[in-house]
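Q: Chains as they are written, first to last, in our numbering: chain G, 1 to 482; chain U, 1 to 236.
Some hints could be false.
As the list claims (entries may be wrong) - Rough simulated footprint, nothing fancy, chain G against chain U, three-plus residues with beta-carbon under 8 Å:
# : stretch
1 : 86 to 93
2 : 116 to 122
To be verified - One-sided excerpt, in silico: chain U residues whose CB lies under 8 Å from chain G:
# : residue
3 : 188
4 : 190
5 : 200
6 : 208
Everything labelled a hint here was simulated from the structure, so no lab data went into it. What you are looking at is a predicted structure, and each value in this text was computed from that prediction instead of being measured. We treat Cβ as the ideally placed atom computed from N, Cα and C, and that holds for glycine.
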Amino acid sequence: MRLLALCALPLVGALLAGILPNARTGRIALVRLALLVGIALGHWALVASLWVTPAPSIFGGWLEADALGLVVLTVTSTLFLATAIYTVGYLQRETPRGGSLFVSAMLVFLGATTVVSLSQHLAMLWVGMEATTLAVAPLIFHRHDRRSLEAVWKYLLISSVGIALALLGTFFLASAQPEGVGRPLLLPDLLAHAQALHPAWLRAAFLFLLVGFGTKMGLAPMHTWKPDTYGEAPSLVSGLMSGALTSCAFLGVARITEIVMAAGLGPFAQPVLIGFGLLSLAVAAIFVIGQSDVKRLLAYSSVEHMGLLVLGLGLGGVGAYGSMLHVLNNGLTKGWMFLVVGNVVLATGSSAAASNRGLVRTIPISGTLLVLGLFAVTGSPPFGLFLSEFTILRAAVAGGHVWIAATMLLFLAVIFVGMAALILEMALGSPAPGQRRVRESGWLVIGPIALAALVLLLGVYIPGPLNEILTRAAVALGGTAP
Amino acid sequence: MQTPLMWVVTATLRLIWTVRAASSPQGAPALVLLLVVLSNFAVLGTTRLSTCIRALAFQGLLLGVLPLLLASSLSPHILALAVGTVVVKAIALPWFLRWAIREAAVRREVEPLVGFIASLLLGALAVGLAFAVAARLPLPEVRTELLVPVSLATVIIGFVVLITRRKAISQVVGYLILENGIYLFGLTQAESVPFLLELGVLLDVFVGVFIMGIVVFHINREFDSLDSARLTELTD
């Protein structure tokens, strides 16, 4: 029942927000925003209740909140709540040309990510994933100018081709399943009869699903849409994409990894995952250096973290645990950073480093959060990402892959230098003449502050129930608890 | 026009030869699949966008007929799949693409990055490759052995169109051909995947192309051209 409500609530909300007359100010606009925040809150409360008492699966096992799904759902819901509150402040300052479509598309996005997180049927997971792609398109396109047009076109075309390959991979997976052995494409049945799956088809399915969902994650070399899209989309949309959408795409990769591991094809899959992981780290390290726009910088940082996620999966052992923890940390941190960058853009009209100096003085709260976020996003203690990256590093050393550990450290160091150079330049120094201190609206800072607090908390303390869920997810992925 | 046509004929002959070598054709489904490949070549070899879209509509029609020919028995599920496919792929999407061309006043030529002869050659290569790969794969139980190679060939040709055409709308055509190839492969699993999901897939494709069409429309208005090669402001 709760699972059904989780999926239906955002979609009903989207419908209601769409029906309301298209007004940018006044009471109707307020009602629409109240709807957005209300549904985000309700969704989050339902997800929280899943942590207390698990819900039974519904629709003959098609929807179930298992450990992997619950982690992704929690990130998505938390990030969405913070973003929804931020949106209230954002829409007071900016009026996207999309009008009422903006709120509706956000809610459809939430519904689609929920379907992806909960679905145990791989074809349904695909349908949900494609729906997330489509829901985000109008959000990127909100300015209707040349640059956002180019961004949305690249995003749509590359993602659509990627997701089409994932569909082919899903069909390959169905072909791998012998007739009459378990229900088709249902995860529990696939896992139970993993040994009976046809290895040749399963390998093909793994590769196509990895490349397909990897495109949506933004793994190198399929990441080319990412800097353009994150750079042009409104910051809060970039935040939702780099925090929630990529986590959902990672869930798709994790699902097929789960099956491949259960089928005993680990030795085939793991080097591929490690390869994509290291390549993504390398690409991020190369392109982070010399960036001049903070949103594009964060996009490459997202490529880095996606690389770390699949690297952890590929290393196995405690690496799988590290990856699942990293999903949480990365999602929350990316939301935090992009919302803060959104405040920078609202204050100065640009996310380019050249037009932003001394942000700590002009917008003290957001400026400070930006500097703190730099350390969080590059994996410095005491933030959560340090812990998850360290766990992945441990997996590399424990597995005897010292050179992987060394390469990873090298790339992380380069990325830290590149990011610090740009962000510190923006935050410190003296503001441009005439640039005065701006009052920051509470709506715009409460979201990032809450996310920052959570990332900090995850860095110093992992609650018992969370540890249990992460362990279960890691075991499902063929790994172990640290 | 003379040379591309000749290439179509040669490629067809080559295909039929490959077909003869690879399998024993089994009547109607084999014929329909052959026509699917021909419609792919029609898209590769034509200079006019409207012909591309007509070929695409024809392909959609063939794709709608196929489940009827392949199914062991006529169930409501298969019938609904056939109707849904024809409505989306043969009627709605071609109609919408034609609307986009007319409203945005797109020039009619295709403007490929590589010549027509080269694209047709690539198409022939794709067919050969698809048959070679399919021969090595353990094939699922289906009515006709042609289904998997033709589906792979269609996927590759979709890719070729996507990569070698400059106009945004031709790229949408390429994406749809790619999607059609995947649909063909999906037919091997038609009996085991529930109808609701197939509906979801069709709907996703439909909405996807719809949004692409709207973007194409705006690209044309902003840039006075549907040339996606002009989308180059965002680089590192």
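Q: Looking at the structure, which of the earlier hints fail to hold?
A: 1, 2, 4
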